[in-house]
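**Q** Sequence:
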Amino acid sequence: MKTKITFLLSLFSLFSLFGQVKQNEVSQRDNLGTPKFIKFKETKVSDDLTSIKAFLKKQFDSLSNNEFKRKKAPETKIGFKSEKLQQFYKGIRVEHSVLNVVSKDGNLKSVNGKYLPIKNLKTKPGLKVEKALEYALSQINAEEYAWQNAQKEALIKRLGKSESATYYPQGELVIIEKNKYSENSEPVLAYKFDIYATNPISRKIYYVDANSGDVIFSDAIIKHVQGLAATRYSGQRTIETEQTGSQFRLRDVSRGNSITTYNNFNQGSHTNTHYIDNDNTWSAAEYNNPNGDNASLDAHWGAMMTYDYFSQTHNRNSIDNNGYELINYVNADLTGWGFPNSDNAFWDGSVMTYGMGTILGPLVSLDIIAHEIGHGLDENTSDLVYQRESGAIDEGLSDIWGAMVEFFAAPEKDTYLLAEDIGITIRSMSDPKFRNDPDTYGGDFWINPNCGTPNGGNDFCGVHTNSGILNHWFYLLAEGSSATDEINDNGDTFSITGIGKLDASRIIYRAQTVYFTPNTNYNDARDYTIQAAEDLFGSNSIESITTCQAWFAVGVGNSNCAPNVRLNGDATVCFSGSETYNLTGLPTNAAVSWSVSSRLQILSSNNNSITVKASSSSTSGSATITATYLGTSDVVKSVWVGNGSVDYIEFNNGAGGTGYWCTSHNNNTYKIYPKLSGDTHEFRLRKYPNLNIVYTSPTIYSGNTGTIYYTPSPGWYELEVRRTNDCGTSSWFGYEVEFVNCSTGGGGGEGGEFFISPNPSSYILKIQKKQKNKSLNSQSKSNKGDFSFKFYNFNGVLLKGGVLNDGYELDVSKYPKGRYILKINGNKKSTETHHIIIE
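The opening residue of the sequence shown carries number 5 in our numbering; numbering runs sequentially from there.
Just to be clear, a hint being listed does not mean it is correct.
Said to hold, decoys possible - Using C-beta positions, here's what the derived DEER-type ranges look like:
#: 1; residue 1: E290; residue 2: G456; range: 47 to 57 Å
#: 2; residue 1: T38; residue 2: Q155; range: 44 to 54 Å
#: 3; residue 1: N527; residue 2: I363; range: 37 to 47 Å
#: 4; residue 1: A158; residue 2: S563; range: 34 to 44 Å
#: 5; residue 1: P415; residue 2: D324; range: 25 to 35 Å
What the hints assert, rightly or not - Keeping only pairs whose Cα atoms sit at most 16 Å apart, straight-line, the calculated EDC-like set for lysine to aspartate or glutamate is:
#: 6; residue 1: K48; residue 2: E29
#: 7; residue 1: K128; residue 2: E176
#: 8; residue 1: K773; residue 2: E740
Keep in mind the hints are simulated off the structure, nothing from the lab.
Just so you know, even glycine gets a beta-carbon here, dropped at the ideal spot from N, CA and C.
Put together the whole structure using the sequences plus the hints.
**A** Shown next as structure tokens:
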């Protein structure tokens with residue numbers, strides 16, 4: 005009894021420990037609000053399987069009927085442990101619901117993937133499995149299936165290493181979403197069948213509703229590339245063969261569980277017949293013949309190079325990381341499989357098949373061979389659903405591996421063109437639009453992935469076309485954007501410095517093998533590749549930043565990729581001494597170049613800091629220090645050199661017009677420029693004509709704004725300000741300001757005879773004689789021509805002059821914005837001055 009109590013208490017404490025993660029730890033959610041990507045920041049969860057399962061059940065509010073099981077043993081690389089957990093409901097597999105769990109130093113770092121909420125689903129099927137298979141086969145209606153072909157059955161027993169292995173569909177009871185890509189999807193019980201038809205050829209996973217018999221979903225396994233050219237070659241190469249007696253055959257037993265290339269003899273089904281050579285010199289004279297037998301050499305060498313690339317670059321033992329045997333069938337008559345011609349090549353879920361060619365020759369260029377094997381890699385890692393966006397990512401991944409294997413084994417070829425060796429380019433990763441593929445998500449040539457029912461006729465909703473997004477992203481990540489127009493179809497501009505092919509391939513390989521799941525779309529791929537880059541190179545690395553920038557360039561995600569780099573140090577550099585400024589948040593291993601503006605000179609610098617001093621001991625003013633990293637990114641710090649100074653005063657009024665203040669207002673404000681932080685200032689008022697000090701600020705102001713709590717008599721004053729910083733105090737700097745009895749008209753001096761409006765003005769400035777009563781009005785009429793005006797800029801340059809009658813309209817639209825002076829002279833030598841603002 006005591007043991008039972010202890011167990012219950014331990015279980016309770018385990019579950020109470022794992023509350024749901026915080027909102028800022030959920031990077032992505034699905035349309036139901038269920039977390040798709042969790043990045044742990046504060047929440048701590050141990051990486052043992054018991055703790056992981058307890059956390060997942062708590063996080064997803066999962067009932068006891070749901071559980072998570074390991075798909076395979078965890079893998080540990082670069083200090084991270086990763087594993088895939090499959091969701092089950094009442095012991096039944098939930099299809100495509102896989103969670104990737106990544107941990108480091110004993111604690112979870114991230115969880116991503118698909119969790120399907122399921123409650124109260126009946127798990128007893130209404131149909132027997134045999135009947136459900138009949139429903140599926142009735143949709144296919146093939147003339148022959150793989151289990152009816154003796155050679156195919158022999159092959160699957162060999163690949164499966166079991167005499168009981170067969171292509172006959174067994175039928176697994178699973179749970180899958182019905183209407184998977186709609187907002188009204190729902191979990192249903194279904195039978196899952198892997199059905200391989202050999203005439204006409206097709207291989208798909210079919211899901212049949214276990215109660216109604218409806219085929220509710222299908223996922224293509226056969227994945228192919230279509231070719232348009234006849235030639236294929238890679239020059240003289242060394243290949244591995246196997247000796248049998250005195251002869252040699254195209255079988256390499258030194259790589260994994262072997263690489264084998266068969267001669268299909270232009271037949272419409274697979275024949276396990278070896279290519280044989282007597283002296284192990286596979287010469288053009290022997291194999292460059294009308295049957296196109298030299299295609300076998302390309303296929304065999306290409307499979308060898310693909311194996312070597314993944315082994316040497318990513319430490320992977322074939323496509324399943326367990327030595328999977330790579331088998332090529334060359335010179336097949338694909339019309340016997342139901343294709344319209346034999347200008348094709350495909351991966352069927354088990355082997356690679358290359359057509360003999362109808363108009364063209366076989367598609368056996370190195371990059372196509374690696375492309376097809378790449379599909380096998382995907383089935384053994386992320387297992388992307390072959391339709392819509394996930395299918396486009398599947399195709400894009402295969403293109404990437406085709407390019408990287410080609411660069412690995414034959415760098416003299418054009419890395420980023422697919423199938424250029426056969427005489428025509430199928431796709432271009434550097435310029436997808438060259439072959440009418442999109443380079444921007446949703447842009448030109450993009451195919452709507454919600455195109456209806458995915459099938460071969462609509463390319464499963466654009467998987468080959470929309471692969472251009474991933475292709476081009478990888479190209480930009482590896483090579484940068486200098487060779488592109490650096491503007492996408494959204495009008496977004498970008499500039500990217502590539503990180504190189506090796507590091508780019510390491511990022512996409514880790515994302516595919518660790519983070520991608522069957523349902524991964526382009527937004528997911530962005531997040532998962534950034535995470536992969538952070539795993540490999542650090543969270544603030546050039547590589548993770550560039551990964552994000554490349555996604556923005558192809559229209560996926562925003563431009564918030566740059567790190568929060570700051571240049572820290574004092575805001576003032578005095579004439580005596582020096583100042584040191586330090587960078588924080590700099591991307592890992594980013595090279596920094598420094599520059600300074602006038603008034604500063606560099607004493608010393610390194611990648612993280614700079615020391616400067618004033619270049620002169622007399623000229624105060626603003627200056628900048630600039631750190632450039634990643635080639636194009638800048639962080640700029642503005643500083644002040646020398647004593648504080650004032651260059652300009654802006655009059656902000658509580659009442660009245662700009663350039664003057666009302667005597668009735670006793671809290672007028674002003675701003676001084678330049679705008680600096682950390683300085684203080686004070687002001688004083690001096691009155692004309694003797695410029696006696698009539699008011700001094702009662703306080704020392706910080707910032708750039710001051711307030712004058714003073715009610716002066718009307719007239720002209722000098723507002724003077726001086727500034728103090730760490731280096732000292734400036735001289736007094738002054739501007740004239742007029743205090744006006746605003747009830748007599750804005751802008752006019754007290755007792756003036758003319759009213760100026762509007763002031764400020766941007767077009768017409770009206771100069772009007774005041775008419776307070778009839779006698780004054782009559783007097784004005786008798787004094788026509790007795791008044792004249794002169795209009796000056798604030799530097800005293802005469803701009804306009806003329807005679808005033810009762811009024812005048814002065815066009816000021818042609819003058820620059822700023823402050824001006826209007827002087828009016830009367831017949832009795834009276835003068836009034838108005839300060840004018842042009843806006």
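**Q** Cβ-Cβ distance between A158 and S563: within 34 to 44 Å?
**A** For S563 against A158, whose Cβ atoms are near 56 Å apart, the range 34 to 44 Å is violated.
**Q** Could you check the hint for me, namely that E290 and G456 are 47 to 57 Å apart, CB to CB?
**A** This hint holds: roughly 50 Å between Cβ atoms.
**Q** Note whether the CB distance of T38 and Q155 lies within 44 to 54 Å or breaks it.
**A** For T38 and Q155 the Cβ distance comes to about 46 Å; the hint holds.
**Q** Just to be sure I understand the hint, the distance between the Cβ atoms of P415 and D324 should be within 25 to 35 Å; is that true here?
**A** 28 Å, holds
**Q** Regarding N527 and I363, is the given constraint of 37 to 47 Å on their beta-carbon distance met?
**A** 40 Å, holds
**Q** Is it true that the CA of K128 sits at most 16 Å from the CA of E176?
**A** 13 Å, holds
**Q** Can the restraint linking K48 and E29 be considered satisfied, given a maximum Cα separation of 16 Å?
**A** Given pair K48, E29 holds - Cα atoms ~12 Å apart, limit 16 Å.
**Q** Under the criterion that the straight-line Cα-Cα distance not exceed 16 Å, is the pair K773, E740 satisfied?
**A** 25 Å, violated
Comparing the model with each numbered hint stated earlier shows that hints 4 and 8 do not hold.
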